[in-house]
Amino acid sequence: MIEALRKKAEELLRSNTVNVVFGYGEGSTPERTRPVFITKPEDVNKLTWNQYCVYNLTTYLKRQETRKLGKPAIIVKGCDAKTVIVLIKESQIKREDVYILGVTCQGVGEPLAVKCKACDVHTPRIYDDLVGEKVENKELSFDERYAELDEYEKMSEKGKWEFWQKQFEKCIKCYACSNICPLCFCDRCIVEKNQPQWIDPSAHARGNLSWNVTRAYHLAGRCINCEECQRVCPADIPLNLLNKKLAKEAEKNFNYRPGYNIDDELAMSTYNAKDNQDFVK
Amino acid sequence: MSNQTTFEPKIVAFLCNWCTYAGADLAGTGRKQYQANVRIIKLPCTGGIDPLFLIKAFERGADGILVSGCHPGDCHYNTGNYHARRRWNVFKPLLEFCGINPDRIQFSWISAAEGGKWVETINGVIDAVRALGPFEGYQKINAIGPAGSGEGFVSSSDKGCECK
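Chains as they are written, first to last, in my numbering: chain X, 1 to 281; chain R, 1 to 164.
If you are wondering where the hints come from, they were derived from the structure by calculation, not from laboratory data.
Accuracy of the hints is not assured; some may be wrong.
What the hints assert, rightly or not - Listed next, with one range per pair, are the computed distances between beta-carbon atoms: (1) 188(X) to 102(R): 29 to 35 Å; (2) 35(X) to 76(R): 46 to 52 Å; (3) 143(X) to 73(R): 33 to 39 Å; (4) 162(X) to 73(R): 39 to 45 Å; (5) 42(R) to 19(X): 30 to 36 Å; (6) 73(R) to 264(X): 24 to 30 Å; (7) 170(X) to 42(R): 48 to 54 Å; (8) 118(X) to 73(R): 34 to 40 Å; (9) 265(X) to 40(R): 31 to 37 Å; (10) 63(X) to 40(R): 40 to 46 Å; (11) 17(X) to 102(R): 50 to 56 Å; (12) 76(R) to 185(X): 27 to 33 Å; (13) 15(X) to 76(R): 33 to 39 Å; (14) 29(R) to 162(X): 26 to 32 Å.
Each residue gets a CB set at the ideal place from its N, CA and C atoms; glycine is no exception.
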């Protein structure tokens with residue numbers, strides 16, 4: 001599979017179809033990989049593929065530094081391909097401006113990442129070229145997809161408050177979560193605005209709920225649960241639980257799953273006259 | 001909160017200029033009485049309410065929030081309330097997931113003609129929040145320094161960043 005990937009990358013670079021290939025390279029230890037940006041066909045041997053390729057490389061599609069490299073081909077797993085769909089839907093990239101090199105994937109991480117346990121896109125739903133043997137996408141049920149949330153939703157109100165306060169108070173406001181997030185692409189984030197100041201920038205527990213809840217909320221109906229925010233969090237805050245809760249609500253209320261279908265309208269930029277309003281007096 | 005024996009909740013109400021605000025006004029001109037625990041913030045449309053407004057209200061010491069706008073189909077801007085409703089549909093469960101009691105954050109549709117409904121709704125919200133007690137959890141973390149020292153809607157330290 002690595003050979004096929006390298007061959008394809010070489011082909012794309014030689015034919016000038018793309019200027020750069022965003023892929024995974026060997027890391028400093030065998031159980032790590034790192035992002036690599038291949039611009040010369042003779043460098044394709046730096047590309048690798050193994051179960052440690054957990055990162056979502058699509059975050060580089062939004063960055064100025066990598067945009068300067070020219071038209072990219074990007075290696076995506078099934079989950080990462082969902083991000084590409086959302087980015088296209090949100091007019092951040094044009095379909096024709098990115099070459100999608102899909103890889104089939106049976107799950108990554110050692111032990112298996114949580115996101116992979118609830119994965120139903122082993123074969124990307126969008127690609128220009130597919131590398132690896134095609135895997136049937138097994139459809140999971142609604143409950144199976146959100147099983148991770150069960151134990152947290154069952155907690156008492158007080159339990160939930162204490163749990164999240166304990167998590168949020170660890171937050172040092174490093175904003176790694178939004179930096180890594182491929183779908184956090186505002187040029188100026190609300191945390192940077194200080195007139196008026198909406199979110200307290202200090203690492204005091206004050207404002208930590210506003211930051212974390214706002215970050216999650218801005219991804220409502222958009223987050224595809226790649227879990228990158230949670231992976232990079234230096235304080236080990238289970239951020240993806242918030243994202244997953246929102247994904248669950250978006251699916252329950254609007255029957256919408258971000259990144260699954262390029263024809264679906266974005267959940268939060270539209271409305272339906274029949275939306276639930278049981279909670280409105 | 002100086003030497004109060006009974007707890008009086010602070011409620012912030014975000015009201016739409018075109019319907020609920022006028023409805024509350026009608027309650028006033030109609031001399032209908034309601035409890036004085038509410039601070040009203042008038043906004044052009046519920047569709048313009050960023051969820052951060054609501055979090056900010058809690059941060060500044062609110063014990064409960066009411067957001068109220070036009071009935072579906074009556075929006076001055078045609079669809080603002082529909083968009084707002086969609087937002088609340090995911091935002092409210094998110095706050096509940098973080099352990100905020102659903103009674104602390106309430107939503108209603110009240111038209112300019114429904115002075116009576118305004119009185120009923122706001123009294124209901126105030127009573128519900130009074131029963132829950134102060135939102136101490138948030139007010140404690142809100143304070144800089146020893147727990148519980150942050151009080152009032154605008155503390156002196158907050159005034160500094162209100163420049164406009």
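Evaluated hints:
no., hint, in the structure
1, 188(X) to 102(R): 29 to 35 Å, "holds, 33 Å"
2, 35(X) to 76(R): 46 to 52 Å, "holds, 49 Å"
3, 143(X) to 73(R): 33 to 39 Å, "holds, 35 Å"
4, 162(X) to 73(R): 39 to 45 Å, "holds, 42 Å"
5, 42(R) to 19(X): 30 to 36 Å, "violated, 53 Å"
6, 73(R) to 264(X): 24 to 30 Å, "holds, 25 Å"
7, 170(X) to 42(R): 48 to 54 Å, "violated, 38 Å"
8, 118(X) to 73(R): 34 to 40 Å, "holds, 39 Å"
9, 265(X) to 40(R): 31 to 37 Å, "holds, 35 Å"
10, 63(X) to 40(R): 40 to 46 Å, "holds, 44 Å"
11, 17(X) to 102(R): 50 to 56 Å, "holds, 53 Å"
12, 76(R) to 185(X): 27 to 33 Å, "holds, 32 Å"
13, 15(X) to 76(R): 33 to 39 Å, "violated, 56 Å"
14, 29(R) to 162(X): 26 to 32 Å, "violated, 46 Å"
In summary, the structure is inconsistent with hints 5, 7, 13, 14 from the numbered list given earlier, while agreeing with the others.
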